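So you can see what is in the structure, the chains are spelled out below.
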Amino acid sequence: MFRIALAGMLGWAFHSLWLQPVPPLSALPGALCVYSHIILRRPYFLVIGVLLVALAAGVRPRIVGLILFLLLLPLASLTAGQLSRQVLLTALLAFSMLRSDEQWSWRALRGDGQRESAGPIWPIRLIQVQLTLVYGVNALAKLTPAYLNGEILIGMSRMHPNFHVDLSDGFFHLASLRLPVSIAATAVVMIEAFLAVGFWLSRLVWPTAIIGVAFHLVLQRIVQIYMLDLASMFLYLAFLLSWRVPANDRVQTGQADRRGHGVA
Amino acid sequence: MNENAKNWPTVTASPARDLVIFMALFAVMLLLSERLRVYYAVTVVDVTVARILPNGRLETLPTPLVFARPGEGYWRPEKVVDLVKPQIENYMRSSTWSSEAAGTRFEWTIRWARNSTRLDRQYRYVWKAGDAEGK
Chain A
1 MFRIALAGML GWAFHSLWLQ PVPPLSALPG ALCVYSHIIL RRPYFLVIGV
51 LLVALAAGVR PRIVGLILFL LLLPLASLTA GQLSRQVLLT ALLAFSMLRS
101 DEQWSWRALR GDGQRESAGP IWPIRLIQVQ LTLVYGVNAL AKLTPAYLNG
151 EILIGMSRMH PNFHVDLSDG FFHLASLRLP VSIAATAVVM IEAFLAVGFW
201 LSRLVWPTAI IGVAFHLVLQ RIVQIYMLDL ASMFLYLAFL LSWRVPANDR
251 VQTGQADRRG HGVA
Chain B
1 MNENAKNWPT VTASPARDLV IFMALFAVML LLSERLRVYY AVTVVDVTVA
51 RILPNGRLET LPTPLVFARP GEGYWRPEKV VDLVKPQIEN YMRSSTWSSE
101 AAGTRFEWTI RWARNSTRLD RQYRYVWKAG DAEGK
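Protein sequences, first through last, are from chains A and B. For the first sequence, the positions run 1 to 264 when our numbering is used. For the second sequence, the positions run 1 to 135 when our numbering is used.
Worth double-checking, as some hints may not be accurate.
To be verified - If you anchor each label on the Cβ, the simulated ranges turn out as follows: (1) T60(B) - W206(A): 52 to 58 Å; (2) P64(B) - L201(A): 50 to 56 Å; (3) W206(A) - M23(B): 49 to 55 Å; (4) S36(A) - P54(B): 29 to 35 Å; (5) R17(B) - Y226(A): 46 to 52 Å; (6) D169(A) - R69(B): 17 to 23 Å; (7) A175(A) - K85(B): 39 to 45 Å; (8) G56(B) - A187(A): 50 to 56 Å; (9) L177(A) - T12(B): 31 to 37 Å; (10) L61(B) - P145(A): 15 to 21 Å; (11) R121(B) - Q224(A): 52 to 58 Å.
Simulated from the structure, these hints should not be mistaken for lab results. Since we're looking at a predicted model, the values are computed, not measured. Positions of the beta carbon are idealized from the N, C-alpha and C atoms, including for glycine.
This is chain A alone, in the form it adopts within the complex (with noise of 0.2 Å):
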């Protein structure tokens, strides 16, 4: 299920309609010349779309994976969803280490038979790895003077076109709430930090996922972000979904084990 889900979410996180290279791949020499000829061409997106349908009917996954992240990782470096198209290929990199096509697949169809495993637990761990430190950093990023007594976001909505609110009164305003700005940063440093932590605490996954679909929400109140929100809300998936463990494995429970050693 999570391999058709990342398919979905790489054609659309990756549809790049007039976006432009921008460094560092485009200081290459020569590299703008392969963006404008090949890469940002109709027949390379066209390549992407097939390969998205196979990894999505499990096809292969593990080569299909590997070619796609090798296709997508020059349109990493365009003007727009940097960030959102590193987390994404990171999962996706870590993903295609996975022989995924057991079930919902085009191998699954043809009633061939059951694998022993589809591959050790440790690329799912490399993805919620990857979802802690977007929070992580973020959180850490924040824990400063000026983020905490509200400076930084005043500024941010005066000066970022992209923010929906003007703190300038040192206020937030939200439906009939007033909140003053410096416990709204406060706040934001808090969530991201617990949202850096919580999905490794097993009673704690499900009210962490609410919580960040929720502070996600009303983050799009404030400010319009390009699409890392959404990328990071999609590998809640790595933690939410059961990663089953193979049948030969010391703990055999059919649901999901975090302590397992692979995924079935």
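Dock chain B against the given chain A, drawing on the hints supplied.
Same frame as chain A, now just chain B:
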């Protein structure tokens, strides 16, 4: 490695190779994670302009829209003047202000600060009407 560990599924058929790949990807993710920081810093820039007539009278003018959000908060503070000045020059050359009576001056004030709304750094730039460039 214990017997149980030998039965663990692997990607490359070698736990040692798996470990190397895992550590390499983990290291790359850590190195690139710095790029994922968003909305944690801002450079606030404010540009104002005043007209000083030949008789010395000073009139504050509405700041042209192109200077409403210089750099949109992303410029490095030490680059602000270098980046705003050419924009002012372009604006003055193409606007009707430059054709005003000789002796009229346009005083542009750039104020800015990093991560603060107290704009404690300032630069003044004077453009004389009829001249080709400002000072």
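Cross-check of the supplied hints:
| no. | hint | result |
| --- | --- | --- |
| 1 | T60(B) - W206(A): 52 to 58 Å | holds, 57 Å |
| 2 | P64(B) - L201(A): 50 to 56 Å | holds, 53 Å |
| 3 | W206(A) - M23(B): 49 to 55 Å | violated, 31 Å |
| 4 | S36(A) - P54(B): 29 to 35 Å | violated, 52 Å |
| 5 | R17(B) - Y226(A): 46 to 52 Å | violated, 37 Å |
| 6 | D169(A) - R69(B): 17 to 23 Å | holds, 18 Å |
| 7 | A175(A) - K85(B): 39 to 45 Å | holds, 43 Å |
| 8 | G56(B) - A187(A): 50 to 56 Å | holds, 52 Å |
| 9 | L177(A) - T12(B): 31 to 37 Å | violated, 53 Å |
| 10 | L61(B) - P145(A): 15 to 21 Å | violated, 36 Å |
| 11 | R121(B) - Q224(A): 52 to 58 Å | violated, 29 Å |
When each numbered hint is compared with the structure, violations occur for hints 3, 4, 5, 9, 10, 11.
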